[in-house]
Amino acid sequence: MCGIVGIYYKNKELNTQLGTMLASMLVQMSERGPDSAGVAVYRNTVHPSKTKLTLHAADPEYDWDGLGKLLAASLAADVEVKVRVSHAVVVTNAPLQELREWLGSNCPDVRVMSAGSTIEIYKEKGTPREFVDRFHLQDIHGSHALGHTRMATESAITTQHSHPFSTGLDLCLVHNGSLSNHNRLREQLQREGIEFQTDNDSEVAAGYLMWQLHQGASLKQALGSAINDLDGFYTFAVGTRNGFAVLRDPIACKPAVMAENDDWVAMASEFRAIAQLPGVEQATVWEPSPATVYSWGSE
Amino acid sequence: MTEFDLATDSVRALNQSLHDSPQGHWRVSHPDGRHCIAAGVDAPVEIAIQGHVGYYCAGMNKQADIMINGSAGPGVAENMMSGSVRVSGNVSHCAGASSHGGLLVVEGDASARCAISMKGADIVVGGSVGHMSAFMAQTGRLVICGDAGDYLGDSIYEAVIYIAGKVGELGADCIEKEMTPEHLKSLKDLLTAAGVAADPGEFRRYGSARRLYNFNIDHASDY
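Chain order of the listed sequences is R and P.
The numbering used here numbers the first residue of the first sequence as 1 and each following residue consecutively.
The numbering used here numbers the first residue of the second sequence as 1 and each following residue consecutively.
Just so you know, these hints were derived from the structure itself, not from any lab.
Every residue gets a Cβ at the ideal spot worked out from N, C-alpha and C, and that includes glycine.
One thing to keep in mind: the hints can contain errors.
To be verified - Partial list, derived from the structure: chain P residues whose beta carbon lies under 10 Å from chain R:
{"no.": "1", "residue": "His35"}
{"no.": "2", "residue": "Gly54"}
{"no.": "3", "residue": "His131"}
{"no.": "4", "residue": "Gly149"}
{"no.": "5", "residue": "Glu178"}
I would like the entire structure built from these sequences, with the hints used as guidance.
Have a look at this one:
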């Protein structure tokens, strides 16, 4: 099961509506995924000299200010910390590799949910409604976003096992389906230097795209190659710093519906997630064809 | 006229009313992609749904004439027994799956597996259909005014496919067959009944080569 959603603004004046629209889409996907929910939002791009991380700690009382001060002192860097429930967005001019090493040695309870210049990832167990309310999703503005509601069938209900996953800078993928060649592919990608945090199949798809993008492929080309190299059932929605794309496997048994008007493009597992969006009356509604890449933004 | 507004009324309340006191004309507003709208109706009522519907709309329909003024999600009119279902927009996959009787008309496009395992209904699609349409269809007619995706009629039994546009790769045991005057008339009557303006002369007929469903002992080594 699981529900996935995505929204991309063609009209950037609508960026202030991102959180509200994303929230309504997620809540509509509650029946498809009542166990946990998560989003990747693209917003507030930082200066090229800086890196933005989203961090998560299980302890609700975690001392994020303390972490920020220690990080600034240890790496002699500028550090800005903004807390959102169990997550914190950290913006700093410290180099990414040093940051990761420092966090790994000094903050074993903290997980890196995303890294890049634009992406922020928030995810937590509980119903989509609880997630939306706790994280005040309505307050979040941005250019595009992905969302996932999970019905756990294979592994535990924890924040770590919740989606979305990010592998690589500013790249995120949400997946409905299951891959059958992910173990072999993970080994191949690890040899190419791509790192994985879990044994999850969706993370392998994200890693594969990252590897393709590293090779110089466009998002559209990377997804075109994925049709040949990924085996299994999937509907993917993919976000990059400035791009948004959708792909279904050649059999296309996992649902997907898309809608596009002059202002935005939306995709979801079911139409009811889109039915609530302002402007849907003017949108073209269609089912994406199998093995066909749909992309907007980055080339 | 019985009116239901699904912005405030539940789908369950609508369906229960349709089952308990099925009379006259019904109008359903704000479907907003909800599932199972007007499923299991068994009475000669007329139902107009104003907007897009989700999964399994008009499933198991018997006798009712159901109009969807919008697009439909997966499995519209699945297992229909009789009556009619008409969709003004597009439909998702498995439209008319396992339908035994009645008429399903899709004015737009249908997605994958349209008429899969059809058992006697008539399905008329004004646009194109996706891959694996009429898979294992046993009897009934599928009319496609546009194009068909790959594997059309895979493992088809005795259902008949009429198509005006292009056909992708044909499914196993599906072949083009002669369009006889009898088939032409059957198609013309069906297009008229469906209210679809298309020239029957532009259609070709496809069906089963009947090589797949009889096990041939002489070719045992080929299986």
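Tested hints:
no.	hint	result
1	His35	holds (8 Å)
2	Gly54	holds (6 Å)
3	His131	holds (7 Å)
4	Gly149	holds (8 Å)
5	Glu178	violated (32 Å)
Hint violations for this structure: number 5 only, all remaining hints satisfied.
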